[in-house]
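Asker: Here is what each chain is made of, one letter per residue.
Protein chains: 2
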Amino acid sequence: MPLNLNLDRPIFVQIIEHIENDIVTGKYNSGDKLPSVRDLAAEAGVNPNTMQKALSDLEQTGLVHSERTSGRFITEDENMIKDLRTALIDMEIEDFFNNMKRLGFDEEQIIQLVEQFANK
Amino acid sequence: MPLNLNLDRPIFVQIIEHIENDIVTGKYNSGDKLPSVRDLAAEAGVNPNTMQKALSDLEQTGLVHSERTSGRFITEDENMIKDLRTALIDMEIEDFFNNMKRLGFDEEQIIQLVEQFANK
DNA sequence: ACTACTGTACTAATCACTTAGTACAATAAT
DNA sequence: ATTATTGTACTAAGTGATTAGTACAGTAGT
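Keeping their order, the protein sequence lines are chains V and X. In terms of our numbering, the first sequence opens at residue 123 and continues consecutively. In terms of our numbering, the second sequence opens at residue 123 and continues consecutively.
Please note that the accuracy of each hint is not assured.
Chain copies aren't distinguished; within one or between two, either way the pair holds.
As the list claims (entries may be wrong) - Below, a list of computed lysine-lysine pairs in the DSSO-like style, where the Cα atoms sit at most 30 angstroms apart: (1) K155 to K223; (2) K155 to K175; (3) K242 to K155; (4) K204 to K242; (5) K223 to K242; (6) K175 to K204; (7) K242 to K175; (8) K149 to K204; (9) K155 to K204; (10) K175 to K223; (11) K223 to K204.
No lab work stands behind these hints: they were computed from the structure.
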């Protein structure tokens, strides 16, 4: 996967979000070993340094941890993954509502527009 | 308004989005004169250079135009404003659906979650 | 033992964004 | 006429993101 990179936001942030998404959606499972920094960088089409920055930042959240010379692994704490999933969903919906309100809609109108879009 | 600035995206991009929002929501009307670059910069709490970059970029979309020494004005083309409003709304909803699908939901579930959030 | 692979660390160079500061020409207001 | 305000242009400096390149220590597989 060449990874959808947006130039107006730091690449390492987008990588973090992408990996978080892969974890909460079960693409990676609790305890799974991640590909190496170099392989992930090659897959994503970015410099290994950029990938390492993304991973070491991600590590500080506890979501992944590295074994010095054997690889990097997803946390075994399944509750942490579940909580992150909930948090990401909440943020997504909340941001959407805020953005739509900024465009002049109230909650009732937002629901209408969403239903309308789904039945496009 | 001190302007909500997010450090992980270029400030001038956020300024552009903010002004676009003010235009499509009628905070600025067609033909209105904008405050000066310096005043807008002071209000937003950014450097005048940053504000000028935002405004001159915004100008290339035709949404605003500058009269060399008398000021900067919102377009008189009300259809352009209406079209931008529609485009921004569509993009917002589409992005939301894409992000939620990436989190593993289908359209039916998205609608449910949105209704649930509104009645929180 | 040897080889390949792992995460990690470091320097250097480049680029975009931001800020500070200064300056100029044209219009508006007085 | 004079003054203030307008958009615009320019240089210089600082910061952060990215890339390129190199290197090292520990582990796994052979």
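Asker: Now tell me, hint by hint, if it's right for this structure.
Answerer: Hint check:
1. K155 to K223: For K155 and K223, the Cα distance is within 30 angstroms only across copies (25 angstroms; inside one copy 42 angstroms).
2. K155 to K175: within (18 angstroms within a copy, 45 angstroms between copies)
3. K242 to K155: neither (41 angstroms within a copy, 38 angstroms between copies)
4. K204 to K242: Between copies only: 20 angstroms across chains, 32 angstroms inside a chain, cut-off 30 angstroms.
5. K223 to K242: The answer is both: 21 angstroms in one copy and 16 angstroms across copies each meet 30 angstroms.
6. K175 to K204: Answer is within; shortest intra-copy Cα gap is 24 angstroms, inter-copy 43 angstroms.
7. K242 to K175: neither (41 angstroms within a copy, 38 angstroms between copies)
8. K149 to K204: Classified as within; 14 angstroms inside a copy, 41 angstroms across copies.
9. K155 to K204: Intra 19 angstroms, inter 51 angstroms, cutoff 30 angstroms: intra-copy only.
10. K175 to K223: between (35 angstroms within a copy, 27 angstroms between copies)
11. K223 to K204: both (29 angstroms within a copy, 17 angstroms between copies)
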